[in-house]
Every structure is written in structure tokens, then in C-alpha cells.
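Novice: Sequence:
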Amino acid sequence: MSQFEHQAHHESGHVWTLIEAMPMTLLVTHDGARLDARPMAATVEPDEGAIYILANRDADSDRQIQEDDAVVLSFQKGATYVVVHGTARASDDRAKIRELWTVFDKAWWDGPDDPRIRLLTVTPSRAEYWESPGRLVSYADMLLSAATGKRPGAGEHGSARL
1 MSQFEHQAHH ESGHVWTLIE AMPMTLLVTH DGARLDARPM AATVEPDEGA IYILANRDAD
61 SDRQIQEDDA VVLSFQKGAT YVVVHGTARA SDDRAKIREL WTVFDKAWWD GPDDPRIRLL
121 TVTPSRAEYW ESPGRLVSYA DMLLSAATGK RPGAGEHGSA RL
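This note's numbering puts the sequence shown at residues 1 to 162.
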């Protein structure tokens, strides 16, 4: 494995690790020339190379994905941000819906066999992430930067093919 391939593999694994710790995402879809975004609960499955979202059959996202399957998922936790680009597919895979079902889903649907539930399967193609050490450390870094004239460290930024 070349150094570049090793770095790309590391970055890919790092992205999956980051988003596994972020259960909420903004799902961005296309509605013609307009972009729509909405918060959704996401189940990240690195071994399957997929991110799963339970969605309502009657939601705009279902129609929009049928028309244009390109999506963006935006994740955030603390001072860490991840943007994932990929394609989405809507299905009625009841076995997978049952597997993903949690007690929190009861707030939206009667149960895993509720016909209104659709499974969105996002297959990521690439991602970009930004990690900052947090607000306090960042402020200290900016103060030091102002005093010394050196640019502050911006944390870590990377991208990966998934």
C-alpha cells in the first residue's frame, strides 16, 4: 500500500468513526434548482458502507430522491463538522426497518411495520471534515496569535473517498 493509499484509508476510517458518534444529520436533497434540508436521525454502518435514515413516505425527501438521488449529509458534534456526499435510494425493506427500529421512532410511526415508513439508504462517495480543539482552546490560540502575529491553528481538516 502506497503512502497515499494508506493516508486515504486512514482518512476514510476516520470519517466513519467521526460520523458514528453523530446520530443526527441534516439531509440535503435537490428540489429542481433548489436545495432542501431537514434534520434526520441517522444510523451509520461503516461495514456496510451505508448510512440509513427512516423517513416518511409522504415527505418531500422521498419524492426528491426519486427525481435526483444526489444528497449531502451534514453532521456536527461540538467543534467537529463532517459533510458527506453520496447517493440515496428509498425502499420498503421491512427487515432492515425492523433492524433499525428504536423506541424513539414510536414518536413518528405506529411500529416498524407502519406502511408510512420508508428506508433511505445513503451510499457515501466522499466526505470532508473539520475538527477544532474546542472553544476554549481556540480562543486561547487566537489570543496567542494576536499577540505573536502568527496565524492561529485551525484544527484538523481532511477529506476522503468513501
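Derived from the structure by calculation, the hints contain no laboratory data.
A few of these clues could be false.
What the hints assert, rightly or not - Cross-link-like lysine-lysine pairs, in silico, DSS-like; alpha carbons within 30 Å at most:
hint	residue 1	residue 2
1	LYS106	LYS96
2	LYS106	LYS77
3	LYS77	LYS96
4	LYS150	LYS77
Novice: Looking back at the hints listed earlier, which ones does the structure fail to meet?
Specialist: none
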